[in-house]
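Following the hints, position chain D against chain X.
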Amino acid sequence: MKKATNEIKLKLPALSINEGACRAMIAAFCAQVDPNIEELADIKCAVSEAVTNCIVHAYGGRGGIIYITVGIYEGRLIRIEIRDRGCGIADVKEAMQPLFTTDSTGERSGMGFSVMESFMSGLRVHSTVGRGTRVSMWKQLS
Amino acid sequence: MTTTKEPMQVSFTDGCLTVCPAGEIDHHSARAMREEIDRQLFTNKPRLFVLSLSHIRFMDSSGLGLILGRLAVCRRFHCPMRLTDAGERMLKIFRMAGLQRMQDLQIDGLTKEETK
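Protein chains in written order, with the numbering used here: chain X, 1436 to 1577; chain D, 2 to 117.
Keep in mind that the hints are not guaranteed to be accurate.
[What the hints assert, rightly or not] With a Cα cut of at most 16 angstroms, we get these calculated EDC-like pairs of lysine to aspartate or glutamate: (1) X:1574 / X:1526; (2) D:93 / X:1469; (3) D:93 / D:109; (4) X:1446 / X:1516; (5) X:1437 / X:1509; (6) D:93 / X:1473.
By construction, these hints were calculated from the structure, which means they are not laboratory data.
If you're wondering where the values come from, they're calculated on a predicted model, not measured in any experiment.
In isolation and in its complexed conformation, chain X is listed as follows (with noise of 0.2 angstroms):
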């Protein structure tokens, strides 16, 4: 993939409050290519839901750092990457079915990479159980 016009980077703790400063700033910094409003809220509801992931699945809850880049290319094409040091997924593919879910309390729907999907262009992910996961998406705007 050719060089970023423009990129940033974050370093966050998983921390769940951090969840909508995550969604802002990226939005923030994607508002400079003017995404439409409808573009704008699919990249802020697909980082929610990969942040989440990280907070919730990798970590455990227990904490931990997110590191997030996002890179805007020519022809309006913007890439993010999400990446943990968490647990790791065994089976990638499992995992983003939809509906699946490891959590037992009823209060997880399962949906996450699904959304993920569904909102942006394109999306990978790559985990290895033990050293973390990264989640990369990218959405191509009109």
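Frame of chain X, contents of chain D only:
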């Protein structure tokens, strides 16, 4: 941003509990909303529970979890649940999860026949 808790409007009339949370629903804010809604459900034991989403500015799949969890609570009381004022983006998430196929959950804006 979800750092400030926004007020939740609640009314209970003729056995119908209506709750209207405000702000953003994500994993962080869902917890406080869940606790308050459950408190209202267990206190009032309604015959109908209406969750209005008219004052929700943002919702990710944590909102879906919040709804499914409350539906489970409502089932304990044999109380049907109704969702009102969901925006198009919320309806899209509901459709993806197949909420329209649940018989004891009515969603304004979605018909039971919808399968997509």
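Cross-check of the supplied hints:
Between the alpha carbons of residue 1574 of chain X and residue 1526 of chain X the distance comes to roughly 25 angstroms, so the proposed pair goes past 16 angstroms and is violated. At roughly 24 angstroms between alpha-carbon atoms, residue 93 of chain D and residue 1469 of chain X are farther apart than 16 angstroms, so this suggested pair is violated. Annotation: proposed proximity of residue 93 of chain D to residue 109 of chain D holds, straight-line Cα distance about 13 angstroms (limit 16 angstroms). Distance check on the hinted pair: residue 1446 of chain X and residue 1516 of chain X sit about 12 angstroms apart at the alpha-carbon level, within 16 angstroms; holds.
Proposed proximity of residue 1437 of chain X and residue 1509 of chain X is supported: the alpha carbons are some 8 angstroms apart, at most 16 angstroms. Between residue 93 of chain D and residue 1473 of chain X the CA atoms are separated by roughly 13 angstroms; this keeps the pair inside 16 angstroms, and the hint holds.
Taken one by one, the earlier hints fail for this structure at numbers 1, 2, listed in ascending order.
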